[in-house]
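J.: If you want the building blocks of each chain, they are given just below.
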Amino acid sequence: GENVEQHPSTLSVQEGDSAVIKCTYSDSASNYFPWYKQELGKRPQLIIDIRSNVGEKKDQRIAVTLNKTAKHFSLHITETQPEDSAVYFCAASLNTDKLIFGTGTRLQVFP
Amino acid sequence: GAVVSQHPSWVICKSGTSVKIECRSLDFQATTMFWYRQFPKQSLMLMATSNEGSKATYEQGVEKDKFLINHASLTLSTLTVTSAHPEDSSFYICSATQGLAGGNEQFFGPGTRLTVL
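Residue numbers (the working numbering), protein chains in the order written: chain X, 1 to 111; chain G, 1001 to 1117.
Check before you lean on any hint, since a few could be wrong.
[What the hints assert, rightly or not] Quick list of the computed label-pair ranges, beta carbon to beta carbon: (1) Gln-1029/G with Gly-1/X: 45 to 53 Å; (2) Ala-70/X with Leu-1117/G: 44 to 52 Å; (3) Thr-10/X with Lys-1020/G: 31 to 39 Å; (4) Gln-1042/G with Asn-95/X: 24 to 32 Å; (5) Trp-1010/G with His-72/X: 34 to 42 Å; (6) Thr-103/X with Ser-1018/G: 26 to 34 Å; (7) Glu-15/X with Ala-1072/G: 43 to 51 Å; (8) Thr-69/X with Gln-1060/G: 33 to 41 Å; (9) Thr-1115/G with Arg-106/X: 18 to 26 Å; (10) Thr-10/X with Thr-1115/G: 22 to 30 Å; (11) Ile-1012/G with Gln-45/X: 23 to 31 Å; (12) Arg-106/X with Leu-1076/G: 32 to 40 Å; (13) Glu-1105/G with Arg-106/X: 19 to 27 Å.
[Said to hold, decoys possible] Looking from chain X toward chain G, a few residues come up when the C-beta cut is under 7 Å (computed): (14) Pro-44; (15) Phe-101; (16) Thr-103.
None of these hints come from the bench; they were simulated from the model.
Here the structure is a predicted model, which means the values were calculated and not measured.
For each residue, glycine too, the CB sits at the ideal point set by N, CA and C.
Isolated chain G (complex conformation) (with noise of 0.2 Å):
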């Protein structure tokens, strides 16, 4: 199956500082990626939907000049978490789609845990 990798896999951070989180298609190109974040015992929650070589679209409530993103190429999106406080802990996922080709399945990565202190 498709892979989709996230790096880092987990990072600690002082409030106030800024962090980038990886995520790439490994042996496809992702038309679509998307990111979501899932704080302890909740569901995940959509962040935003982002296209390559275009602007990202930002779900309700998701503040897009603290939540980064840039998808630079067909196999690599990038969130940038800036200025991060205590209550931006919590657990980064990306997941890549290959649009019509490989049937929309969204494939995840293997998450990202942030810890801002």
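The shape of chain X in the complex, shown without the other chains (with noise of 0.2 Å):
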């Protein structure tokens, strides 16, 4: 079955910079890429997701490129404010079936 890697599992950055998380998958035939920000407590919340047929997507401060080749993702964030500290998990599924998450990032900005 599907197995999805995570790094790193803390990340702390200064406000303005920006952040970077990454994800491997194992099953190639995998075709969608979510990401969800969960804070303490509360359901995941989708900020951007990607599909297999599309290279980079991107929304505002948020960003996700995929390489399918080498099976791997990765979640951008510019210009990081207070507001981003979270624990951001990825995922991948087929089709958007049963969704296999990633182990987590915890973020936090200082200001």
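Please dock the two separately framed chains into a single complex, following the hints provided.
T.: Here is the structure:
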């Protein structure tokens, strides 16, 4: 079955700097890769997603890149703000069926 | 966007009792619902996939007789934790998808925190 690895587990950045979180997946058939932001005790919130027919997608300060050959995908947050502090999860699935989540990255943005 | 609710938001029960958690899609019909468990400072682990009118598909290592899932309608799925023990204490989250018509995005419920004493 699918296995998703995520790095780093924690990431601290200064406000205004960029943050990058990387994930790798094992099943080459996976074709849907969402990213979620989860605040303590809350539900995961979809912040951006990408499908395998696209190499990059951007939404304001957030971008995701996908390298199908290497089975890597990454989340890029630019101009980080303290309110970006949260736990971020990547996930992978086939045809948006069941999601297999990465282990999570705790992002702290210091003012 | 599509809204998914869960009830209760938190529950405390004694060891050996059963607890039922409801997951509802409020403004759309959910072809599929998923149940996840999340232990503190860990990721979401898929427990089972539930389709309306059929038996749930459980992930490896999840006891189907302990975690009973009923998906009786296109807007309601329930998870019953039977004979709960302290190690079942966790954050249980459901999600629902509209299927192809909705782009298959999963919409998450707010979660239910279960504490077993």
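J.: Does each hint hold? Answer for all of them.
T.: Against the structure, the hints come out as follows:
1. Gln-1029/G with Gly-1/X: 45 to 53 Å: 28 Å, violated
2. Ala-70/X with Leu-1117/G: 44 to 52 Å: Cβ of Ala-70/X to Cβ of Leu-1117/G: about 48 Å, so the range 44 to 52 Å holds.
3. Thr-10/X with Lys-1020/G: 31 to 39 Å: The hinted range 31 to 39 Å holds for Thr-10/X and Lys-1020/G, with Cβ atoms some 36 Å apart.
4. Gln-1042/G with Asn-95/X: 24 to 32 Å: Taking Cβ atoms as reference, Gln-1042/G and Asn-95/X lie about 26 Å apart, which means the hint holds.
5. Trp-1010/G with His-72/X: 34 to 42 Å: The hinted range 34 to 42 Å holds for Trp-1010/G and His-72/X, with Cβ atoms some 38 Å apart.
6. Thr-103/X with Ser-1018/G: 26 to 34 Å: Given range 26 to 34 Å: holds, Cβ gap about 31 Å.
7. Glu-15/X with Ala-1072/G: 43 to 51 Å: Check passed, 49 Å falls within 43 to 51 Å.
8. Thr-69/X with Gln-1060/G: 33 to 41 Å: Violated: the Cβ-Cβ distance is about 29 Å, outside 33 to 41 Å.
9. Thr-1115/G with Arg-106/X: 18 to 26 Å: 23 Å, holds
10. Thr-10/X with Thr-1115/G: 22 to 30 Å: 27 Å, holds
11. Ile-1012/G with Gln-45/X: 23 to 31 Å: For Ile-1012/G and Gln-45/X the Cβ distance comes to about 27 Å; the hint holds.
12. Arg-106/X with Leu-1076/G: 32 to 40 Å: Check passed, 34 Å falls within 32 to 40 Å.
13. Glu-1105/G with Arg-106/X: 19 to 27 Å: 25 Å, holds
14. Pro-44: 5 Å, holds
15. Phe-101: Phe-101/X check passes; min Cβ-Cβ to chain G is 5 Å, inside 7 Å.
16. Thr-103: Cβ of Thr-103/X sits 5 Å from chain G, so the hint holds.
Of the hints listed earlier, those the structure fails to meet are numbers 1 and 8, in rising order.
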